[in-house]
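Q: Spelled out, the chains give:
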Amino acid sequence: MRIVVCVKEVLDPDAVNSFAVAGRLTIGEDGTSLTQSAIPRLMNGYDEQALEAALRLRDAGASGTIAVVSIGADPANILRHAAALGADEITHVAADPADRADRAGLDGHATAALLVAWIRSTGGADLVLCGRQASDDDQGVVPALIGEQLGVPVVTIARALALEAGGDAVRVTRVTPDGDEVVLAPLPAVVTISSELGTPRYPTAARKLQARRAKPAVVTLDALGVAAAAGAPRVRLLRQWVPALHGHCELLAGAPAEAADALVARLIQDGAI
Amino acid sequence: MAKVLVCGWDTQADGLAPGVEETLTLGRKLAAALGAELGLVVLGSAPPDAARVAGRHGASTLETLADPKLAAGGSDARVEALAQLCQAHAPRALLMPQTFDARLVAPRVAGRLGVPIVMNGIDVDVENGALRVTATAYGGDTHALYEIAGDGTALVCVSTTALRAEPAPEPRTPVVEEFPVDLRTVTERIRVLEPAKTEGPRLEEANTIVAGGRGLGAAEHFAWIEQLAEALGGMAGASRPLVDDGWVDASRQVGLTGRITRPALYIAVGISGASQHMAGCSAAKTIVAINRDADAAIFRHARYGIVGDCHEILPELIRAARAHRAGGS
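Sequences listed follow chains A and B, in order. The first sequence begins at 1 in the working numbering and counts up by one. The second sequence begins at 1 in the working numbering and counts up by one.
There are no misleading hints in this set.
Derived Cβ-Cβ restraints for the label pairs, each shown as a range:
| no. | chain 1 | residue 1 | chain 2 | residue 2 | range |
| --- | --- | --- | --- | --- | --- |
| 1 | B | E226 | A | T199 | 17 to 27 Å |
| 2 | B | A33 | A | D30 | 23 to 33 Å |
| 3 | A | E29 | B | A72 | 49 to 59 Å |
| 4 | A | E29 | B | D123 | 21 to 31 Å |
Looking from chain A toward chain B, a few residues come up when the C-beta cut is under 7 Å (computed):
| no. | residue |
| --- | --- |
| 5 | V16 |
| 6 | P153 |
| 7 | R236 |
| 8 | L245 |
| 9 | A257 |
| 10 | D261 |
| 11 | R266 |
Which stretches of chain B does chain A cover? Using the computed rule of at least three CB atoms under 8 Å from a CB of chain A, they are:
| no. | segment |
| --- | --- |
| 12 | 97-104 |
| 13 | 116-122 |
| 14 | 129-137 |
| 15 | 144-156 |
| 16 | 195-204 |
| 17 | 270-277 |
It is worth saying that the hints were derived from the structure and are not from the lab. Note that the Cβ used here is the ideal one computed from N, Cα and C, for glycine as well.
Working from the sequences, and respecting the hints, build out all of it.
A: See the structure below:
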């Protein structure tokens, strides 16, 4: 069984949020990127949980390879993290937007096309695991695009998965607005993992040390024969900004009992309760 | 004439699903900018008031896609149906409210047709003939403006919580027709072994929500949230950290990756007001914030606020709410 896990490097969303809450989140001169150099870069949290899902399948007895792949300027750090966690193979598909004259990023279709080309070039995958969305652009379209391009089923927002005895299907528990749903998807399939999977494991110190020497295999677009995917993106980020927030909060002061009574009185007056 | 289509499903017995009217409002704006016709598409049989809603929002057509395979709710049938619809009409844009199912179906349709897609849309416009979509990013900490190249079909999933539905100045009487969808070749590849069971009322439909966050300090303090919710005749919700820590069930999670709610009253206790959380409650008519930190972002969203220790305030608030309910104060 070959499990491919797609991971993306993002700015730490909690740090981004702290800057935003403090009113200190700013956009660079290019009009599109966040400027704070103090914000750490790390593996998208949902992708880390996708890797955790793969590792749990292995813990449950699945044999074979866990291959982690990333596209981006320099994902070596998150790929080494993946190796420390237990990935058997780490690969960087080198499509650095900085190499392009227009510096435009890849859109979802191009990203999916590259990942699909790489998956095919490595003999395919029985299971492709992705985070439900990246915490930077929140788009979450790449997994479905991969599924369509590969012509395989896509199951979204999983909190648990288990391989069927024959190894030809996966049983997935999805977190839906109506509660958990359990579905059976034939393999190969794409499954996206949500935060409800639970906290991912930490690498042991020994593995961390070992992974520091791990070098991701670098695959170029030429090698994949998908130069076309690097063409001008059809969805292009023009501008990014921090939305203004205009509060009009009335603070209710006084001792707890006083403030509580004042609040209930206001809510009654407004017809809110 | 160019077309802008708005698609809805998850139709409820008593009418169109929430979000369809807000999406129609955006669709009308886009159609006007393009000089295009607006149409509403309903997967499955349309509820009785669909034509009236479509007309109120200025749609000139209401198309239904009726096939037993669509009624079953599988995504393979929905993807194929929408792909056929797009191929037949070549609309300039297909907009749909970003429901749980749409998050999967819309990008699959885009993948099948090889057409651009933007999720989390909150506004649409046209500049020099090109479609532009404003979407939220970083859980709402930023907004992003995307331009879509070309003049083919583009898909936009609309995040409708913060949008307001505005009927057209001139209502129309839409032409109602059935789109001849052919799903003979579709066999759902994914089999549902255990369907989701709604246990009790859903946060999405609650009129009053009292939600707790990390500021509660300990799991057992969530009981206060439940007591206050009960005293107000509402439901208890939570921010993601409480769910991640296992204090409460995931069905209680309000936020970008949890429940998107729009209650009349939302009381946030010990919740800092991170954008990811606000994405699930910012549509509330009245937000009340109770937080120890006077600088917490939640106060910028709130109509009323109490700065203080929720351990002291909650018992008093429960008392006051119960007294009101009992006909007192």
